[in-house]
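Engineer: With the hints as extra help, turn the sequences into a complete structure.
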Amino acid sequence: MNKLKAIFHIIETERWQRTLNNVNNFIKDSGQDNVIIEVVANGAAVAAFFRNHCSLEENKPTGAASCGIEKADLVGEMKRLSQMGVGFTACRNALKMHDLDEKSLPGFVSVVPAGITEIIKKQTEGYAYYKA
Amino acid sequence: MNKLKAIFHIIETERWQRTLNNVNNFIKDSGQDNVIIEVVANGAAVAAFFRNHCSLEENKPTGAASCGIEKADLVGEMKRLSQMGVGFTACRNALKMHDLDEKSLPGFVSVVPAGITEIIKKQTEGYAYYKA
Amino acid sequence: MNKLKAIFHIIETERWQRTLNNVNNFIKDSGQDNVIIEVVANGAAVAAFFRNHCSLEENKPTGAASCGIEKADLVGEMKRLSQMGVGFTACRNALKMHDLDEKSLPGFVSVVPAGITEIIKKQTEGYAYYKA
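Protein chains in written order, with the working numbering: chain A, -7 to 124; chain B, -7 to 124; chain C, -7 to 124.
It does not matter which identical chain is meant; a pair holds if it fits inside one copy or across any two.
Derived lysine-lysine pairs resembling DSSO-like cross-links, with alpha carbons at most 27 angstroms apart:
id : residue 1 : residue 2
1  : K113      : K(-5)
2  : K88       : K20
3  : K20       : K95
4  : K113      : K(-3)
5  : K71       : K113
These aren't lab readings, by the way, just hints derived from the structure by calculation.
Structural biologist: Shown next, in the form of structure tokens:
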């Protein structure tokens, strides 16, 4: 059987938890060996890759501490998924727009010049598209 | 002519009316005999399949009565579309997460273990994807 | 090399700026000669094609003047992109639903009977899909 290839596209920070749930459900349902998954983040969603950064724009946290903890949980879950083969990709344009330093990204996150190109190219390579 | 095959993906409850409008417009514009349509709901959107359930999370109804009526209209419209051949599919993960009993689903709604897998598989079978 | 073909789908008015940024980034990253882009607007997003119309539904502007100026900037940017070959398409159903006169559309905007059909048909012709 051919593997099921999918791009998960996330723009809004507050949809990360739901997106990671979707990835988990997809793996459980289809089997880890039968899927190829890449999560591509652009827009404000790239902020979630940084443990100590809060996206003021969309998350509006009331305190930096609670924000940091919440992010840490997300990053921990992403890391766990990356060890199962899930790719995580950040858009450089989005990182720049949100003043985020790509050198501080977790090691499991890849950077592409433009998330939009990645999303479109992968579809021409047979990936399905899922908008979180 | 090959039929146009499309997956309509809905996550947010408040987008149901718009989604059903889109389905209607697609059928009117392309002809009922020329389309194959499946509406896949995951996330909170699965709540709309239940006449007497309100999604507190996203709809925030002020009273159970008005909520019930509103849902009834949506379900009635879905039923009408299902009789025209439109498929409606609920994600079991989402039903469980929202404490909804799939035995109470209307008869025209199918259940899949994971909506995400359905959405991705169908694209590999030539379905176009439309995010509501 | 085959050109990368993409449909950008926009429903919500407030996502226009982000969408036009995405289009610009895609062109810069892939090269103007290597892409074929069509931006399809349905729902409230069609209002942004009209310089002097405000979408009360989603934008909730506090004054007509500020709204008009903001729209003018978006339309100017769309026009610039259209001169680079980007297609802009409005859904007639959406125009009617929002009481917008298609005769007042800027010359670079095409109208289709149903945006949904355009979005689905183009995918069957090899276009990738990007939901703004």
